[in-house]
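Trainee: Build out the structure end to end from the sequences listed, making use of the hints.
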Amino acid sequence: MIINVKNLTKYYRVHQKEPGLSGSLKSLFNRKYYDAKAVDDISFSIQEGELIGFIGPNGAGKTTTLKCLSGLLYPTSGKVEVLGFTPFNRKHEFLKKISLVMGQKNQLWWDLPAIDSFLLNKEIYEISDSVYKKTLDELVELLDVKDILQVQVRKLSLGQRMKCELIAALIHNPKILFLDEPTIGLDVVMQQKLRDFVKEYNERYNATILLTSHYMKDVEQLCERIIIIDHGKILYDGKLEDIVKKYVKNKTLSVIFQKPVEKNKLEKLGKVLEIDGPKVILSVPREKSNHVASKLLEDFSVEDLNIEEANIEEIIRDVFTKKASST
Amino acid sequence: MRYVRIFSLHFQDLLAHRSRSIVYVFTYVFNSLLFLAFIRGVFSKNSSLGGWTLSTVTSYYFLLILAPALLMTHPEMPVLRDDIEKGELAGRLLKPFSYYWQRFYHEIPYRIFQGLLAVVIYFSLSAIFGNFLRLNLSLMQVALIIIIFVLAYMISFTFKMIIAIVAFWTTDTRGLHELTDVIILIFAGFIVPVNLLPGILEKAAYLLPFSYIIYFPVIAIQGKLSVLSMLSVISSQIIWLCMLVIFFRFQWKKALIRFTDLGH
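Chains as they are written, first to last, in my numbering: chain A, 287 to 613; chain B, 68 to 331.
Just so you know, these hints were derived from the structure itself, not from any lab. Warning: the hint list may mix true and false statements.
Only some residues are given here: those of chain A computed to face chain B with a beta carbon under 7 Å [as the list claims (entries may be wrong)]: (1) Leu358; (2) Leu381; (3) Lys383; (4) Lys391; (5) Asp397; (6) Ile401; (7) Asp402; (8) Leu406; (9) Phe586; (10) Val588; (11) Leu591.
Each computed DSS-like pair below joins lysine-lysine, with the alpha-carbon atoms no more than 27 Å apart [as the list claims (entries may be wrong)]: (12) Lys162/B x Lys383/A; (13) Lys377/A x Lys320/B; (14) Lys419/A x Lys153/B; (15) Lys551/A x Lys565/A; (16) Lys323/A x Lys153/B; (17) Lys321/B x Lys365/A; (18) Lys383/A x Lys153/B; (19) Lys153/B x Lys441/A; (20) Lys321/B x Lys303/A; (21) Lys441/A x Lys461/A; (22) Lys365/A x Lys479/A; (23) Lys545/A x Lys503/A; (24) Lys162/B x Lys365/A; (25) Lys321/B x Lys383/A.
Part of the chain B face toward chain A, derived, beta carbon under 10 Å [what the hints assert, rightly or not]: (26) Arg69; (27) Ile73; (28) His77; (29) Asp80; (30) Gly158; (31) Arg159; (32) Leu160; (33) Lys162; (34) Phe164; (35) Asp239; (36) Arg241; (37) Leu323.
Glycine included, every Cβ here is placed at the ideal spot set by N, Cα and C.
Mentor: What follows is the structure in C-alpha cells.
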C-alpha cells in the first residue's frame, strides 16, 4: 500500500460569536470556541497507480483529508503514512515525491512567463537538466501549451493557466498527485482536456492520483474507485460501479407502446411509475430487468424500449441524504 | 550554482515590477532628508554635539538612504499579502525548500536592487551638496564592515520573519507591522543617531537588536568604530542572530501545528 490512513481525525478550533454588537463585546472578554470536526475517524488504504475520487458536499472533509495526506495539516489524531513517510514531518525526500494542486490557487509567478516558474521548480526540486527537459517536453506535448510558455502568466486565460499550474506541479514527476478541484471554473471543453490529461498521466507514469471534484463527470470518467465523505465520515469506499448495485436495487424501463396498455397488466411486471397514453415508465428489480424487457417485447407491440441505469449524480445525492436505501 | 539560479529567477521577478522598489527608495530619501533638515537646525547653534559635527551628521543621514535600502528587509509584507491573505502559503510549505529560505531568496533581490539605486542617489546628493564622508578605512575595517552588514541583514530578516509569522495567531498583522516600524525608526537610529537619544532611550537602543541593523553599520562606514569596537559589535550581532533564529524556529514549529489553511 502506498497510502495508509488509520483513524484519522482533524478538528478545527472555531471561534463562535453571538450576533450583534453585544456579541462582539462579549467575545472580547469571553471568547467561545468549539471544535469543528472536519475529518472524523476515517481509515482507508490506497495502492500504487490507483486513481481515486473523493466525493462530498462543501465542508465534507475532502480537502482537509488531502491536506493531511500531503503533510500540510497536522492531524488531531490518527495515523497517516504516505510512501512510508509521516506526511507532517515534511521531509524533503517525501515532498519531492508528491504534489498537491488546488484548482483555486496558483504557484506561478504572475508577472513572468510560466517557463520561469518551471525553472524555479527545477532548481527547488533539484531536477537534472536532462530529466527536466524530457519531462517538460512530454508535459508540454500532452497539454498542448508550447505556444504560451513565454507569455506572462497574468495574460493567460484561466484554462491556459491551469495547464501551466499542472506542469509546475508535475515537473518533478511526483509518484502521488493530490488534485483538489482541478477543473473548477473551467469551461466544458477545457474540463474535458484536463480529464484526458489526468487519465493519460495516470496511465503513462503509473502515478497514484487522488482527486476531489464537484463535477461528477470528472469522477465518472476518471475514477474506478470512489470514497464518499460527508461530515468528516466515510459513507462509501469502493468501486464506482458497485455503488449503483449497492444503493440502487431497481432499473427504469421506459417504453412506448403502439397503443395504450392496461395498467394492471403492466403491474404484474413491475412498479408503474408513470403512465401517459402509450408512454410508460416502469421500475423493476435490476436482476429482472432483461427478463421484463423481453416479456414486454413478446407480449405487447412495442415501438421503443430503453433500460436506464439511475443517474450517478442522483445516486450520490441520495447517499448523502440517506434516501438510497428506499429507492 | 543552484542558489545563484534561484536568486537570478527571483531577480527577474523583481525586475518585472521594478517601479515599486524605486518608490520605496524615495521614501528613504525623503525620510532621511527631512530628519537631516531638522538636525541641521540643532547644529546651527552647536558646532559639535555628542561627538557629531554638521559634516559627520550630514554624511550619517546621507548613509541612512543607503543602509535601509540594503538592510531593512520587508518579508512581512509578502508573507501577509500573498501567503496568508491569498493563501499561497500551502504551496510554499509543500516545496522541498525551507520556507525561511524561500522568503530569503524572494527578499534579497529587492535589497540589492534598492541598494544599487540608493548608491546612485547617494552619489548624486554628494555631487550636489558635497561629499561629507571621509573614507579612511583599513583593509581589516573594510572586511569587518562587510561582516557587520551581512549580520545586520540576517538580524533584520529573521526579526521581520518572526513578526511576519505572528499572522498565524492574529489574522491581521498590519497594526503590528506599523508598531514595529515606529520602534525601529526610533531605536535603529533613523530619527537621530542612537547616542543622541535621550538617556533611557539610548540605553534601550543598545539593549535592543535594531541599532545593530542600521546605526552600527552606518557609523562603521563613517570610520567611527575602531577594529576592537567592530569586533564587539559583531559579537553582539552574532548573539542577537542566534537568539532570533532559535526563537523563529520555536515559533515556526508552533505555527505549523496551528496552521489550518481554512477558507482557501
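Trainee: All the hints need checking, so say for each whether the structure fits it.
Mentor: Okay, the hints, checked on the actual structure:
1. Leu358: 6 Å, holds
2. Leu381: Nearest chain B Cβ about 4 Å off; hint holds.
3. Lys383: Where the cut-off is 7 Å and the nearest Cβ of chain B is about 9 Å from Lys383/A, the hint is violated.
4. Lys391: 6 Å, holds
5. Asp397: 4 Å, holds
6. Ile401: Violated. Min distance 10 Å.
7. Asp402: 6 Å, holds
8. Leu406: 5 Å, holds
9. Phe586: 59 Å, violated
10. Val588: Not OK, violated: Val588/A not within 7 Å of chain B, min 55 Å.
11. Leu591: Cβ of Leu591/A sits 50 Å from chain B, so the hint is violated.
12. Lys162/B x Lys383/A: Status holds; Cα separation ~11 Å.
13. Lys377/A x Lys320/B: 14 Å, holds
14. Lys419/A x Lys153/B: It is violated: about 31 Å lies between the C-alpha atoms, which goes past 27 Å.
15. Lys551/A x Lys565/A: 14 Å, holds
16. Lys323/A x Lys153/B: 25 Å, holds
17. Lys321/B x Lys365/A: 20 Å, holds
18. Lys383/A x Lys153/B: 26 Å, holds
19. Lys153/B x Lys441/A: Holds, at roughly 19 Å.
20. Lys321/B x Lys303/A: Cα-Cα ~25 Å, so holds.
21. Lys441/A x Lys461/A: 31 Å, violated
22. Lys365/A x Lys479/A: The hint is violated at about 36 Å.
23. Lys545/A x Lys503/A: 38 Å, violated
24. Lys162/B x Lys365/A: 23 Å, holds
25. Lys321/B x Lys383/A: 25 Å, holds
26. Arg69: 5 Å, holds
27. Ile73: 5 Å, holds
28. His77: Hint holds; His77/B Cβ to chain A Cβ min 8 Å, cut 10 Å.
29. Asp80: Holds, about 5 Å.
30. Gly158: 4 Å, holds
31. Arg159: 8 Å, holds
32. Leu160: 6 Å, holds
33. Lys162: Hint holds; Lys162/B Cβ to chain A Cβ min 5 Å, cut 10 Å.
34. Phe164: 5 Å, holds
35. Asp239: 14 Å, violated
36. Arg241: For Arg241/B, the interface hint is violated, since the closest Cβ of chain A sits about 20 Å away, which is over 10 Å.
37. Leu323: Holds - the Cβ of Leu323/B comes within 10 Å of chain A, reaching about 7 Å at its closest.
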